[in-house]
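Trainee: Next come the chains, spelled out residue by residue.
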Amino acid sequence: MRMTDLGWLGRLGIEALPLYSWVAVGGALVTVGAGAAVLLGLTISRQWGNFWSGWVTSLDHKRIGVMYIVLALIMLIRGFVDAIMIRLQQAIALNSEGYLPPEHFDQIFSSHGTIMIFFMAMPFMTGLINIIVPLQIGARDVAFPLLNSISFWLTASGAGLVLISLVIGRFSTAGWTGYPPYSGVEFTPGVGVDYWIWAVIISGVGTTMSGINFIVTILRKRAPGMKLMLMPMFVWTALCSSILMVFAFPALTVVTAMLSLDRTFGFHFFTNDAGGEAMNYMNLFWIWGHPEVYILILPAFGIFSEVVSTFSSKRLFGYPSLVYATAVIAILSFTVWLHHFFTMGAGANVNAVFGIATMVIGVPTGVKVFDWLFTMFRGRIRFETPILWTLSFMVLFVIGGMTGVLLAIPPVNFTTHNTTFLVAHFHNMIIPGVLFGYLAGYMYWFPKVFGFRLERKWGVWSFWLWTIGFMLAFLPLYWTGLRGMPRRMETYANAEWQPFLVLTFVGACLILCGIICLALQLWASVSKRSQLVDTTGDPWDARTLEWMTSSPPPVYNFAALPVVSERDAFHVAKQNGTHLKLEFDDSDIHLPRNSMIGVILGGASFCIGFGMIWYMWWLALLGLSATIAVIILRSFREDTEYSVSSQQIAFDVAERQGAQ
Amino acid sequence: MKIKGFEGTVAMIERDLMLTAFGLMLLVVVPVIVLTLVFAWRYRATNTNAAYSPDWGGSPLLESFIWGVPAVLIIGLGTMVWKSTHRLDPYSPIPSDVAATRIQAVAYDWKWLFIYPDLGIATVDEMAFPQDRPLAFQITSEVGLNSFMIRHLGGQIYAMAGMETQLHLWADETGKFEGRNMQYSGEGFSNQTFDALALSTEDFDAWVAKVRDASLTLNADARKELMKPSVSGPVVYYKDVTAGLFETILDTYSNCHGDLDGICG
Amino acid sequence: MTTEVSREDNLPNEAEFGFWLYLMSDAILFGLIFATYVVMVNNTAGGPTGDDLFSLNNLTIQTVLLLTSTLTIALGHQAAVSKNAGSAIFWLVVTCVLGAGFLAFELRELNDMVAREAGPGRSGFLTSFFTLVGTHGLHVTAGLLWALTMIAQLAIKGPTPPVASRLLRLTLFWHFLDIVWIGVFSVIYLPGLMG
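Residue numbers (our numbering), protein chains in the order written: chain C, -7 to 652; chain G, 327 to 591; chain R, 1183 to 1377.
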C-alpha cells in the first residue's frame, strides 16, 4: 500500500470496526456507551458550563490534579478489565483456545501494560503531586499553570487514543514494550502498533513538561524559610521523580519516534534488513524504562513516609537517611537498564556489573523500609485506611524486593526471564509498591481536596480484598514461573500450571471486589458527606503545611504564606499551642485565568496522532498547524492573570474562622 | 562421566544458586515482615501501656545498622553474582574430554530449525543429542526476537536475526525434554515448542540414521518454505544440508551485508 | 531566611530556569540520536558511505551561516536589553535570513541525496544520518518561527520585560542548536570527509 495513493480517510475503512469477535464488539460498545453516558449526564444535569469553566479550562493545580486522578481511576478500570480477561483466558486455556483467539489475547495484554503504566500509574502520580506539592511547600500554584493544563490534556489525548483503538481499528499486539523487529511493519503491518506509539509519544511529551514544571515549582516556589532539608518527604520524592522524568523521558520519545519512522516512512532503525539494529531499541527503551520504575515508586515512597509518620503520631525516623536514599536510588536508576536483557549474550563481565549495580539499589531501598519500621516503633498507631495500605505494602514489598534481587543474578535470570516469575515480580513492586501508595495518598488527602473524609468501612474492605487478592493473584505466578511457564501464553499444554492459574483468577476476582469497594466507598462518602465533613482543615492531626489551610483550600491556597523554620513546622506549632508565623502583605493575589489552550492542544495532538496512525496526512498537518498557531497567538496575550483582592481574602478568612 | 563443578545439569546449578541467594535474603526479609506486624500491633493507639516517644527521629547507631546490614548482605550477594556469572557464562564451553555435539538453532515463526554441521543433517522442532557429552549451540533467528530454552538443562539465551548467540549445556541422563521459545513473538508463540531428546550413544546413532533416511534436503528452497509462518507444524527431517547455510542465514541480516568496502572487517 | 518576591518579578526567572531544564532534556534527546548514529554508522547495507555523499563546500557554507547567525541573534538580544527595538528587529531579521539560508543548503543536500537513491530508506547508516540532521533542521525551523514571532512582538509591544525574557530564551535555544551543529559537524561530517 503506497501511502500517496490513499484517499481522505487514509487507510481507515469500514473494516476498522471491531467486528472480528463478540468480545471485541462488546468492548467497543461499553466504551462508546460509557462515553455517551457521560456526555448525556452532563447535558441532562446542565453541567456543561461548570464542567468547562470549573474543570476543562481551569489552571488551578488542585483541579488539574483531580482531573489527573479521575483519568487514572477510569483507566484503572479499563486496565483491570484487560487483566481479568487475561486471567480468565489462562485459567481455562489448557490444551484449548479458551475464549480469546491469539491475536485478540495479544492486544489485551499489550493494552493492559500500556494503560496501567502510562495512563493509570503516571496520571495518578502526577495528580497527587499536582494537588499536594504546592500545598506542602506553601505555594499558591505551580510555576507554570498553563503548561500544567497542557500536560494534562496531552496525557488525556494519549489515553483517548488507547480508548478509541477499541472502537476504530485494533491495538498493538507487540506488548507494552513494543520490541522490534516484531513491532515493525514486516511482522505487524496494521494500525495497532501505531496506536501504541502515538499514545506513548503524546503522553510522554506531557510528562516531560510536568517534570520541568514540578522541578521549578519545588526549587523556586517554597514558602519563606523552607530550606531543602526542611521539605516534607513527599516533596523530596516528587523532586527526584521529576528530575528522572526530565532526563529519562527523552529516551522514550526518541525510541518510539524512531519506531514510527521505521513503520511509516520505511526507515531502518530496527528492521532485520538493510542494517537495522534491533538491539539498540532495547537499550534505548530501558534507558527510559528502568528510571520509569523509580519515577512511579519514589512518590509512593514519599506518601508512605507521610502516612506512617502522621498515623504513628510520631516524627519520621531517619529523615536525612530517607532523603539521601531517595537521591541515591534516583541516580542509580540510570545505571541498571541492561538487567532487562541479561539473556542477550553481552558477556559475563557486563552482566555481572549490571547485576551488582542492580543489587546496590537494594541498599537504599532497604534503608527506607527500616526507617518506616522505626517510625512506627514507640509510636501511637491509628489504624485509619492510609496506614493499612502502608502496612500491607511493607510486608509485600520486601517479598518483591527479594525476588528482584534473585532476578538480578544473571544465571538465575537466565532461567526466570520471560517467565511468569518476572510477571509476579514486577506486579509485586507495582501493586503493593506503587498502587497501594497512591491509594493511601488518595484516602489520606481526599478530605483536603473535598472537605470531607472517605468513610472507613468500605476502605478497610477494599484494603483486605486488594491485599488478599494480590497475594492470590501473583504469588502462584512465582511458582508457575519457576516451573517454566512463559509470560503471554494464550494457550498451554502443561496441566501442572492450571490449578495455580485458576488461583490467580480467583485473586483477580477478589481485586475486582476491592475495586467495587473503592467505588462504594466513594458513593457512601459522598452520600454521608455531612457526617464526614472536616471543618478543621486537619482531620488526621497531621504534620505538614497542606493541613494548615482549609479543606478544601481556597483557590489561592494560603491567605498568608507560612514562614517555616523547622521540619514539621505545622505540627510543632500545634504542639506549642501557637500558630505558624505568617507573612502578611496587603497586596492582592494574582492567579492564572482559565485558558482553553490546554484542551485545544490536547485535541490538536489527538488529531496529529490519529492522522499519523491512519495515514490521514491532512489531519496530522491540521493538528500540527493548529498547535503552532495556538502557541504563537498565546505568546501575544498579556492579560493571563486575575487578582483576588485583599478584602476578599480577609472575608474568606473570617468566614472560615466563623465556620470552625 | 562426571566433570567437577558440573554435576547434574546447568539448570540444577542455577537452581542451587537461586536457593542460596533466597536463603540469605530471608535473613533480612523475615525479620522485617515480623517486626512490621509486631510493631503495628504493639504500638497501636489503644495500647497506652506501650512506650511513646513522639519526637524520636534518629539514632546514629541504629542508622549505621540500617545502612550496614543491607550493605553487608549486598556485598555477599554481589560476590556471588560475580563468581556465578563467570562460571555459568552461557558462552563458555563445558570442560570435557569428549568433543561437544554442535548444533545450530534458527528461530522461525513459529518453529525451530536445528542444523548439525558436523553430521550434515537438519531437523525442525525435534533435536536429539547423546547424553554425557557437552552440547554447543550457535543460535540465531530469521524472524523477530526469540529466546531459546530447554528448561530441564539450563537457562535461556536470545535468538536475534543477524546475530549469533551461544549456549553450552549438558545432559546427565537420557530423556525427552521440552524446549521452547520464551520470548513472545506473535500469534503462534504459545505453541512454539520442540522436543529435546537426550539419548544413549546407540540410540543417538539410530536417530541420526533415521534422519538420513528422510527424503528432504535443506537448501535455499526449503529455507523459503521455513520462512512461511506456521503453528504447531510437523517434525521435519533433512537428510542433507547446503554447506554453510547457518552462516548464510546470519549474513543475510548482518549489518554489514553486502559490505564491499570492508568497513566491518 | 528568604523574602518572598512578588510573582511578576519571579516569572521570567522561573521561565528561564524551566527553559534550561527543557534544554537539558533536549540535549539528552540529541545525545541519544548521536549515540544511535555512532552505533549505525557502518551499517551501510552495501549502499553509499559518508565519503561518497558528503560535500565539503556545502558543509562550510552551512557552518558559516549558522555560526554567524548565533552572533547576530546575540546582538539582537543585546539591543532588546538596551531597549532598542529597531536594532533588535534588524538583527533578528538578519538571523532569520542566515537561518533560512542554512536550511536551504541543508534541504538541497538532503534532496540531492534522495535523488541519488541515498535516502533514509536505503540503509541503517542513512536512516540515522537523516534523523540526526533532520531533527536538528526541525529545531532550526522551530527557531525560525519563534524568531519571526519575536520580530512581530518587538514591533507591536516593544522590548518589554516579557518580550526580552522570551528573546533571551530564544537566544539560548539558538546557541544550543549551534552547539548541536558543532556535534553534527564533528561526529558526522569530519570522519566522513577525512575517512
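Think of the hints as simulated: they come from the structure by calculation, not from any bench.
There's no promise every hint is true.
Said to hold, decoys possible - Chain G is nowhere near these chain C residues, computed Cβ spacing over 10 Å in every case:
| # | residue |
| --- | --- |
| 1 | D98 |
| 2 | G347 |
| 3 | V359 |
| 4 | T528 |
| 5 | V547 |
| 6 | I620 |
| 7 | E630 |
To be verified - Which chain C residues face chain G? A few, computed with CB under 8 Å, are given here:
| # | residue |
| --- | --- |
| 8 | L31 |
| 9 | W278 |
| 10 | G281 |
| 11 | Y311 |
| 12 | A319 |
| 13 | G337 |
| 14 | G354 |
| 15 | F362 |
| 16 | M368 |
| 17 | I401 |
| 18 | F406 |
| 19 | Y548 |
| 20 | H582 |
| 21 | R585 |
What the hints assert, rightly or not - Over 10 Å on every C-beta distance to chain G, these chain C residues come out as not near it, computed from the model:
| # | residue |
| --- | --- |
| 22 | I6 |
| 23 | F179 |
| 24 | T180 |
| 25 | L253 |
| 26 | M336 |
| 27 | V352 |
| 28 | V355 |
| 29 | V361 |
| 30 | I373 |
| 31 | V452 |
| 32 | G476 |
| 33 | A485 |
| 34 | G603 |
As the structure is a computational prediction, the values presented were derived from the model and not from experiment.
Every residue, glycine too, gets a C-beta built ideally from N, C-alpha and C.
Trainee: Does each hint fit the structure? Answer for all of them.
Mentor: Each hint, compared with the structure:
1. D98: violated, 7 Å
2. G347: violated, 4 Å
3. V359: The assertion about C:V359 is violated, with a minimum of 5 Å to chain G.
4. T528: Fine: 19 Å to the nearest Cβ keeps C:T528 off the interface.
5. V547: The claim holds: C:V547 sits with its nearest Cβ about 34 Å from chain G, beyond 10 Å.
6. I620: C:I620 clear of chain G: closest Cβ-Cβ about 38 Å, beyond 10 Å.
7. E630: C:E630 clear of chain G: closest Cβ-Cβ about 48 Å, beyond 10 Å.
8. L31: C:L31 check fails; min Cβ-Cβ to chain G is 37 Å, beyond 8 Å.
9. W278: Hint on C:W278: violated, closest Cβ of chain G at ~14 Å, above 8 Å.
10. G281: Violated, about 16 Å.
11. Y311: Given a least distance of 6 Å, the restraint on C:Y311 holds.
12. A319: violated, 14 Å
13. G337: holds, 4 Å
14. G354: Hint on C:G354: holds, closest Cβ of chain G at ~6 Å, below 8 Å.
15. F362: Where the cut-off is 8 Å and the nearest Cβ of chain G is about 4 Å from C:F362, the hint holds.
16. M368: Check passed: Cβ of C:M368 comes within 4 Å of chain G, closer than 8 Å.
17. I401: Holds. Min distance 5 Å.
18. F406: holds, 2 Å
19. Y548: violated, 32 Å
20. H582: Constraint on C:H582 not satisfied, violated at 38 Å.
21. R585: violated, 43 Å
22. I6: C:I6 clear of chain G: closest Cβ-Cβ about 24 Å, beyond 10 Å.
23. F179: violated, 6 Å
24. T180: violated, 8 Å
25. L253: Nearest chain G Cβ is 18 Å from C:L253, so the label holds.
26. M336: violated, 5 Å
27. V352: violated, 6 Å
28. V355: Given a closest Cβ separation of 4 Å, the condition is violated.
29. V361: violated, 6 Å
30. I373: violated, 5 Å
31. V452: holds, 14 Å
32. G476: violated, 4 Å
33. A485: violated, 8 Å
34. G603: With a cut-off of 10 Å, C:G603 remains clear of chain G, as the shortest Cβ separation is near 27 Å.
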